[in-house]
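Novice: Single-letter residue listing:
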Amino acid sequence: MLASQNNSNDEMLTNDGIPLKKKLAKSLFKSRLRAFGLVTPLLLLISLGFVFPILVFLTRGVYNDTFEKYMINLTPMLAEWDGKTEPTEEMFEALVLDLVALKKSKNIGKVASRMNRELSGSRSLFTSSARKAKKLESPFKESLIQVKKKWGNLDTWRAMKVTSHSLTPVFLASALDMKYTADGTIVQKPEERRIHVRLFVRTLEISLIVVIAGLILGYPVAFLLASLPIRISNLLLILVLLPFWTSLLVRTTAWIAMLQGQGVLNDMFVVFGIATDEDRFTLIYNKAGTLISMTHILLPFMILPIYSVMKTIPPSYVRAAKSMGATSWTAFWRIYFPQTIPGIGAGAILVFILAISFYITPALIGGQDGTMISNFIDYHMRKSLNWSLAAAMGGVLLVIVLFLYWIYDRVVGIDNMKLG
Amino acid sequence: MKFLNLIAVTVSTLVVATVATAGSITVVSWGGAYTKSQVEAYHKPWAKKTGNTVVSEDYSGGLAEVKAQVESGNVTWDVVDVELSDALQGCDEGILEVIDPSTLPAAPDGTPATDDFMDGALQECAVGNIVWSTIYAYDKTKFDTAPTTMADFFDVKKFPGKRGMRKLGKAMLEMALMGDGVPASEVYDLLNTPAGVDRAFAKLDTIKDHVVWWEAGAQPPQLLADGEVTMTIVWNGRIFNAIAAEGQPFGLVWDGQVYDLDLFVIPKGSKNKEAALDFIRFSTDTKRLADQASWINYGPVRNSSIPMIGTYHSDSSINMVDHMPTTEAALKNALQNDFMFWADNGEELNERFNAWLAK
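Those sequence lines, one after another, are chains Z and A.
Its first residue numbered 1, the first sequence is counted upward by one per residue in the numbering used here.
Its first residue numbered 1, the second sequence is counted upward by one per residue in the numbering used here.
In isolation and in its complexed conformation, chain Z is listed as follows (with noise of 0.2 Å):
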């Protein structure tokens, strides 16, 4: 009680007599705004433009509404059976009325594909079955079993009951090789059909790979730039940032060229004897075309944040260390390396992230097992437009970097990032 009494005796006042805290903060709030206010635009643009789109995008991931929103009358009789014993003759009428109202309206294909992803052969149950649903009379059960054999089928109607449930662990179970089923329990999709999980390792392992060998391949020719006089090495330097600056789809081809079985480089091969005419080396879709071309690709996103790193250091401290008996190894692994860890850490964060979203390089290298992750979400935007399960696994991967930025943090600190 005395204390805060003291407080507020000792509070500075400014002469109009308003607390000098009070004041300040109210100074500071009027920059603060002008401040906000310049990066307006941006913040809008990212949040509109970027940010909210793909949260919308990625709700569509847990969330899919486009058998409740069409089966009106159905869907809540489902929510109440309980996926053992018979349907009911009103779950029939139900599944009629509803039938005959999508084929009014042109819906009924929504959710015939809707439905096929949970049942394969549903599709064209639904549509046939609608095209004749206006004609059949009570009672409904017979007859629709009449049109078609699998409404009997105690495995279509669970089907429909986990379809039903607008918001549904289904794709995301999907999006990590499993099947979310009609009692509530998740189990493993048979082997033949599990892929995603080792496409996601495949991902995490290419990226990894092309990040080790960006880091032996770059850190060199970093050290080579940033030791050489300025001349040079501005000349060499055009050398890293011209492929930089080349288009990533010419780069790409360009590797293509090089590596196919009759290119470039096998012809050299075949030229020094290494391979025979007959037995040219599978350098190109595959896992090993994917590995070089994004390695080269990548590589000047490591050199360049080393490189800016490298020459902030002052060769001062190696001099020193060698005059004081330091060999040139100890002296370089020491103290020369230690000071290079923030350009390695922003290089190779920087690689690595861009490289577990690559997209381009491994659809038209990667062949059959060197496409990653993202060719998969791509496939699923474009041809098989199973947008539900693109957003879940395009969900899963960004938690997946998320928690391996997260352990970045731990492990190397963020701050220690340094881009030059």
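These are calculated hints, taken from the structure and not from any lab test.
Even for Gly, the Cβ is constructed at its ideal location relative to N, Cα and C.
Possibly wrong hints are sitting among the right ones.
To be verified - Pairs of lysine-lysine residues, derived as BS3-like cross-links and limited to a Cα-Cα distance of at most 30 Å, are as follows: (1) K132/Z <-> K157/A; (2) K106/Z <-> K273/A; (3) K287/Z <-> K273/A; (4) K383/Z <-> K162/A; (5) K110/Z <-> K67/A; (6) K67/A <-> K271/A; (7) K69/Z <-> K23/Z; (8) K273/A <-> K110/Z; (9) K67/A <-> K69/Z; (10) K383/Z <-> K208/A; (11) K208/A <-> K179/Z; (12) K110/Z <-> K36/A; (13) K208/A <-> K157/A; (14) K69/Z <-> K22/Z; (15) K67/A <-> K287/Z; (16) K208/A <-> K189/Z; (17) K179/Z <-> K203/A; (18) K208/A <-> K67/A; (19) K203/A <-> K140/A; (20) K271/A <-> K106/Z; (21) K322/Z <-> K311/Z; (22) K383/Z <-> K203/A; (23) K67/A <-> K103/Z; (24) K104/Z <-> K67/A; (25) K383/Z <-> K359/A; (26) K104/Z <-> K140/A; (27) K273/A <-> K104/Z; (28) K150/Z <-> K132/Z; (29) K110/Z <-> K271/A; (30) K287/Z <-> K271/A; (31) K203/A <-> K189/Z; (32) K158/A <-> K287/Z; (33) K359/A <-> K179/Z; (34) K106/Z <-> K67/A; (35) K36/A <-> K383/Z; (36) K103/Z <-> K273/A; (37) K271/A <-> K383/Z.
As the list claims (entries may be wrong) - Derived DEER-like restraints, expressed as beta-carbon distance ranges: (38) D155/Z <-> P105/A: 29 to 35 Å; (39) K135/Z <-> N192/A: 23 to 29 Å; (40) V55/A <-> P243/Z: 50 to 56 Å.
Model the placement of chain A on the given structure of chain Z, informed by the hints.
Specialist: Coordinates of chain A only, in the frame set by chain Z:
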């Protein structure tokens, strides 16, 4: 004075530009030699007749772009060339305009369009234009004896070298079964059973290490020309173009072909629906379909067009009728793609195909 000139020029350009867009439609197709055949046979004559312009765009199939345009309410495509399965799925999903087949022109002898088109070529939302086929082709310079059957494609001992295949389950699974000795007529019955699917994948397994996978239709002739593969699955028009127009030493095999239809559709909400309809009516009449066949060997879907098919546009010694996928010889062991089968099982089979591929 100069300034006034500038204004005059600007204004007149703007006027011309608005006039041009008012009578302009965007027609989207598969690119390459196929789009060229359509530009020559459909776009140019139609533009000449109506005074409208046709903007030609390429895509690589699927409904994704159409769906995105219709759902966002910003439809920029007016006519799209799609596969049968996509035409049906798009119609069911309500993203395509309904086209009344009775408004299509009759054949020259008066046969109404509904009788003139072949089975399946007239759909609620789509009008067919060609029959195309997935076949395999080989490099003649690489083999002493020419391959003749689908089984030869899968026989890497007798016919060594890499194989090009499409990175998709559709048609590849059917071909694998036919390569395993299953006659075309029994393929889908077998594929409808789990054992049949296993058998198809087992057959694909035997050549997996020899396969280069392609995605765009322009790739396989290139792979063959580059010597990357000695045989490849290919669309028949593309390989014919490489042989006839580029003089490549390729041979093609009709045994085990999987043929399919391409159809014109109009995305729902097209801003030039009337012009698009007029374009489709014009392009799918008897004469235009026959004209198109002199640019590429995709068969016209109208029966009345077939007697009118002429010779190759740049070489009158090539009689195009002999190179159609629908000749008697070509149909000896041929399979029509079962769109219903793929509509129902496509997702599951492609998933398994991708998983198999990534292993």
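Novice: Let me make sure I understand: some of the numbered hints might not hold for this structure. Which ones are they, in numerical order?
Specialist: The structure conflicts with hints 1, 3, 7, 12, 14, 15, 18, 26, 30, 38 and 40, although it agrees with all the remaining ones.
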